[in-house]
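Protein chains in written order, with this note's numbering: chain F, 1129 to 1788; chain P, -7 to 289; chain W, 226 to 373; chain D, 807 to 1142; chain A, 13 to 285.
Simulated from the structure, these hints should not be mistaken for lab results. Since the structure is predicted, the reported quantities are computational estimates derived from the model, not experimental observations. The C-beta atom is built at its ideal place from N, Cα and C for all residues, glycine as well. All clues stand as given, with none of them false.
Mimicking DSBU-like on lysine-lysine, the simulated pairs with C-alpha atoms at most 35 Å apart in a straight line are: (1) F:K1653 <-> W:K240; (2) F:K1238 <-> D:K883; (3) D:K985 <-> D:K817; (4) W:K367 <-> F:K1158; (5) D:K1054 <-> A:K49; (6) F:K1772 <-> A:K189; (7) F:K1424 <-> F:K1440; (8) P:K64 <-> P:K6; (9) F:K1154 <-> P:K202; (10) W:K367 <-> D:K1054; (11) F:K1385 <-> F:K1432; (12) P:K167 <-> D:K871; (13) W:K240 <-> P:K162; (14) P:K64 <-> D:K1016; (15) P:K64 <-> D:K1133; (16) F:K1643 <-> F:K1238; (17) D:K1016 <-> D:K1089; (18) F:K1440 <-> F:K1384; (19) P:K65 <-> P:K269.
To be clear about the criterion: a stretch of chain D counts as covered by chain P if any three or more of its residues have a C-beta under 8 Å from a C-beta of chain P, and this derived list gives those stretches: (20) 836 to 845; (21) 1030 to 1042; (22) 1048 to 1062; (23) 1071 to 1079; (24) 1111 to 1123; (25) 1127 to 1141.
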Amino acid sequence: MKRVGVFVCHCGSNIAAVVDCERVAKEAAKFPGVAFSIDNKYMCSDPGQDLIKKAVEEHHLDRIVVASCTPRMHEPVFRRATENAGINPYLFAMTNIREHVSWIHTDREKATEKAIDLVRMAVAKVLHTVPLEKSSIPITKRALVIGGGIAGMQAALDIADNGNPVVLVEREPTIGGKMPMLDKTFPSLDCSACICTPKMASTDQHPNITIYTHSEVERVDGYIGNFQVTIRQKAKYVDHKICTGCGLCETKCPNKKIPNSFEAGMGNRTAIYKAFPQAVPNKPIIDAANCRKLTKDKCGVCAKVCPTGAIKYDDQDELITIDVGAIVMATGYDLFPWKEAYGEYGYGKYPDVITGLQFERLVNASGPTSGHILRPSDGKEPKTIVFIKCVGSRDDVKGKAYCSRTCCMYTAKHAHQAVDKIEDSHVIVFYMDVRTAGKGYEEFYQRTVEDGVHYVRGRVSKIYQLGDKLIVRGEDTLLGEAVQVNADLVVLATAMVPSAGSGEIAHIVGFSTDKDGFYQEAHPKLRPLETFTAGVFLAGACQGPKDIPDTAAQGSGAAAKASAVLSNRSMETDPLISQVNDAVCAGCGVCVGICPYRAIELKEITQRAGGKTIARRVASINSGLCQGCGACVAACRSGALDLKGFTNQQIMAEVDALCL
Amino acid sequence: MSDPSGEMRELAKKLLENGEVDRIIGWEKGNLWYQSPPLFITRAEETDRLVFDDFAINSLVTYLLDERDSGKKTGIFVKGCDSRGLVRILQDKQIARESVYVIGLPCSGKKDPRQALSSGASESSQVPPAAKCEECLYPNPVIYDVIIGEAVEAKAKGDRFAAVKEIEAKTADEKYAYWTSQYSKCLRCLACRNVCPACNCRECAFDISKPRILAKENNLSHNMVYHLTRAFHAAGRCVECGECERVCPMGIPIMQLNKKIIKEINDLFGPYEAGVKLDETPPPLGTYQTSDPEEFM
Amino acid sequence: MSVKSSDAQEAWEPKILAFCCNWCSYAGADLAGLNRTQQPPNVRIIRVPCSGRVDPQFIMRAFQDGVDGVLVAGCHPGDCHYSTGNFFARRRFLLFQRIFDYIGIDPGRLQNRWISGAEGDKFAATVSKVTEDIRALGPNRKLRDEHE
Amino acid sequence: MQGIAKQDLNKVLETLSGGGAALLVPMEIDGVTRFARWEQGAKTALGAGNTLLPPKEALFPQNEKVFNYEMSNEEAKIVPSAAAAEETIILGIRPCDVRAIQALDNVFLTKDYVDELYKTRRRHTLLIALGCTQPAPTCFCSSVGGDPLQAEGADIMLWDLGETYGLEALSDKGKDLLKKIDKFMSKSRGKKPAAGKFSLEVDSRGIAEKLHNMFEDPIWDRWYQKCLGCGICTFICPTCHCFDMQEKHTGQWDGYRYRCWDSCMFQEYSLMAGGHNPRPTKKERLRNRFLHKLCFFQERYGMLLCTGCGRCVRECPVGMDITKFIKEVSEVSLNE
Amino acid sequence: MNSECCNPLVPLPGKIIKIVDESPDVKTFHIAAAEGKPFTPLPGQLGMLSIPGVGEGMFSITSQGPDHLEMAIKKVGVLTDSLHDAQVGQPIAIRGPYGNGFPVEKFKGKDILFIGGGIGLAPVRSLIVHCLQNRGDFGKISILYGARSPEELVFKEDLFKNWPQAKDTTVYVTVDKGDEQWQGHVGFVPAYVEEINPSPSMVLLCGPPVMIKFTLETLSKLGFSNEQIVTTLEMRMKCGIGKCGRCNIGSKFICLDGPVFTLNELEGLPPEY
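Only chain F is shown next, with the shape it has when bound in the complex (with noise of 0.2 Å):
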């Protein structure tokens, strides 16, 4: 018989209080090839760890059981203390007691059985176990970085300034992403553009990093250390090896009355543009679907006015191919598309209900009213100001369940703003709460209720136009009366929402988003940069709402993850991949295009049968690519294929365990 050691762990009273931890150390004692069993306090502990060290020496123990928490969390603690303790580290198996017994129910006697059936499952499966070896794949030291905006921005410098090359790859035609639309941050009310400029142009300056604008990620195929990347290049139009920048083009351009999506819709662009006028690159594209000399083959004056020749209609799309070792994700955000969901504000019919981000553009001395904060409608300045938070978050019925973490400063940002810009305003907030979770956050409300805004606690439940006015109905849920506001100006405090196109470059790239289409970490506390896909890695608001801090702090850290991938020459590989019995194996090939990473081909062998030496095909499976998904092994008949550490022998002994 094998000897097995069997380490039930209490986790403090996270367990124990519900399980009955000692009754499963002896009831495991009682399972075939278990030579010890035991209870322990915490196992992860370094004395828990010993104890698996000390025990292996005195039972002569060759396999391993933890029964604690989840295997997703200790797995490669255990591991390791297995190794340590003398024994290869795949002779091991784990058991969920915790996350799957103790924490989910709460009769003591059905929670033991519970655990006692998962720990006999486990030792049946860690008795079918061989050991195994790691083996090693060279690592491509470059990064991706998908999204040019402030997180993405500050990944790549970031793994730029480690000493790895970086590819950052930007839809736009230019970097920058949201934060150059921004007037000032807070709670400093510094200048938004004065500090997110000068990033870009040291992105852009980098001579480790290359950017690819106006660039969508088309294909990712490989893995950890070995990406293959397929860029497309959408057609600009424009040779911007050539362009000086001038802008002579934007001037001549006749089509002028683009909406420009930098201001948010409140301001206009010409069919060739730059999207302002510190875009990075700081050169011009041609918006073909708007550009008369190509839709229409008219025009074409652009090309005549351009005095070095840049101008290029016959610009073809570009497929570029770039390996990588590592990926960042740093997609960022739209805002929640209300006009679609909230009738009762007008479904977007009244042009005087805006977003923040217009009230930015609004506000900004760049912006489309030089920096008054004029009505869209007729452009008059306003007096009463109605902001409403909450616009889409924290409303599971018409939006978003979640918070948007950010609404409740830049609301308060703005009405400081209106009390500042615009003499005799009255400036009034709707709001839910107030939450000021942040570095000198609260101090800067308090400024802005002393400014004068008027906070009312309530949701409006309606807005109508009346005259030049806009009615707003609501109720003060403090006072328990009903409000209402005759308002020249609302602006409404929308959701942040993942970017458009977010979930599909998410399969591309090959990892799974949550419930509300944010990218999934791999673990809310402990990995939150991570994906469940090795080598991908998330930066800023594409993993959930986040202020401008927080990002920047995401794009570094998401950047230190990923130059640990970078900095080795090669790095060790999980032996838990599928593996092929030559001698059964027929050669039939249906593996081979299951295998989503391309890692089976059918190979040559030789072999003795019936006295003579025949030559025949059958799988070979490459230990680089292949990732252990076992959808081969499943699909493969005659059982030729196997997974190691979940070979068909130990499932069905786990089967058979729960119920002998």
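Based on these hints, arrange chains P, W, D and A on the given structure of chain F.
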């Protein structure tokens, strides 16, 4: 249908004589009038034994697997159903196309020796058509190097899945009782597996002892697992030749499960006919569509 | 393998086996635990890397061994950690469930769900629902490898 | 000759099974003719010729528990299974199958070891044979030394005489049993009938001696090719008796060892633990089976292991015909 | 031998009381039943050893003591894997003795050459031990043993210590391929036999089929007659009592009529082993 035996013999003789093939697999007349068992010949003078009469019911294509490593070239006679089995074997890469010379024989239906015996008939005309030929969709070979005889019209048919629907209409307990009565009879002689052109693995999962997926003990539970596993391994790959059911000595309606699977695959993943096109995409369970029916939300 | 054919049913509790993919459904189960979402104690989880790893053989074996129901849970289509494993699983189990139905085993005894790592509540609700369904169906005898 | 009227058959069966004995008679169950326990109202298939499944399962069941075990870290407990000792009457067994039981008796009851489980069953079994007046197209018992009308080794012999069954006790056990059904018996006018014509006939004399020298003969190359390697012939054969022993777990520590029918046609049958297989292909396996039937068993026990029941001829899906084989062997000239 | 009283397929419970490592994949197990020695086999007889719950297998009995049997077992499959994992005290079950054993009478008074290859020394050892224990009954003893490599040599203590010290006994050891430490003979068994050019009156030969085939050729070249050569055969066995069918060679059953055959007897059997 005129007797193609003469042409068959002539062709076989030529193929062996000029060394184009190393052996020929066909049918010969057995000891009893209702038997036309498989025949293997390597010498031109033996070709006179070849026949193709009402009882040439056996599919010969699985015999190709016995010689898959020999490097020999085989001349083989195939009916429509047999030819689909051959396509299956080729698609599973068990033999190379170049290693077979395929002689197609359009077939308007064969007769089953067991039925000949149980019907008490004393000559072929008294024997009813074989059950497996009743719903034949492909009377003409789908793959061949040469064809002997005229193409045959597929029979006008009733509902291909009538028997399946009859079972589907039963309650769960009735279904289970029905299959219990059938699977209880199974001797686990493995004839259905051995004759199946889709069961072309070198080593069958049932024969592997580590882990043993199926105990040797003969009981209802193991018999069911045997039949379900076998059918599932053939899912999307079964060419409906009906040989499994024909060879079963216990009369287990094996095709009723196979047909159910064909019916469901057609319903779930779109119409699919196994073993018809040599160069088609992987069988239905070896691929997927993102738009496949979603029932598991 | 094989189970005692006992008719002691007074204290019968459904015995349910769940195969959970490591990346989504097992994580969902962990999240349910993290949130302390109470569930009936009838389900035992076997962790597999991917729902695509689950061989129908395991499921038949479980019923032979005497479980009353099986749950196979994986990432939502499109979210597979391995991109495509759950698409193959979906085909396999769509078909397998119908085969089960055809031989007279209530399809409710073999359930499949997509549960992401973020859906702790869905995991808990699924466990409750599957347990209820199988409790309503009663002890399973079909396919069981019984001995006296 | 004594006889019983056919119309009294049910009453006779009732009387025979009345003493608590298991009365096995040919019946058709789910489309398969086999020997099954007769109960009041059950329809027999006495006239349907040979059953598809031979009666050997009554003496040598397809699965049989040998012992229970209970393991622990300290000891192995072994509890042998009690042999089934139910009184059993097999009625309607044909002479070929009675001869097959004599072959099984040789295997299980002689040569140093007695198989306890078989012995106990056999001791409690009484055979009432039914003579064959009209051989089936696949029958050839007379070609391998059998008599379709007389079953040596049976306890009672029956013949179908039209309106009645003629009967005769062949053993003391048989005589005792006849007393039980005395009241249904009358003097029958019929005589022991004559045998009908066999459509399969072959001369098997000297086959064992001849085959002894034909191990390397090219005949095997001709014969093995069409074999499917399935186990139909062995499982429906009344004399095939190969078995395997396997274990079944019934708990973490306990289980039982059982024996079950095995087939020499299966690849796994002779596969050794290290991977060597002395009979690696269908050729060696088919050769071993035919030689066992027609040569080795004769050498060891003095009788052929084929009683001419014809089941394999009838059921083999590729038309493997042992009479044809015997004929071909007899035509082989060994002098070259 | 004839057991009317009980089912011969039912084993006796017992235990492993000692385990000796012979080579990386061979261990010798000392087996005792609850009431001491399970049975008393003749040299060359076999025993059916099982771990209930794992399986059963037939092994040659290498030697015996007053209270136990010894079996040297090579790791080749499911059961032997489990046996190799076993610790002293492991409960087992055993039945036997099976087979004919060596024709000890034939060997009496004669000079004997024992030839073993690999694990094939295991059955041979039982007769060597018997001969050495009853030294007066036999003539000169030569033992020739070969293994693939020095580390695969089994019964090292016997080969290098016990047997060379015995009276009138010569031990020849060879390996197919040596290593740095190996000082002894290197070469295949048949060639070594030819090199020694022995002249005993009886030869007992046991080893892998290839070795047997070529050694027989050599022996015949050296002028040995079939009657002088004794060997043992191996087949898959299940019942051990000549009923289950699978271990036949012609009309002989290895478990009952073998495993020991003179070359003369073997010549009368089909070459299917």
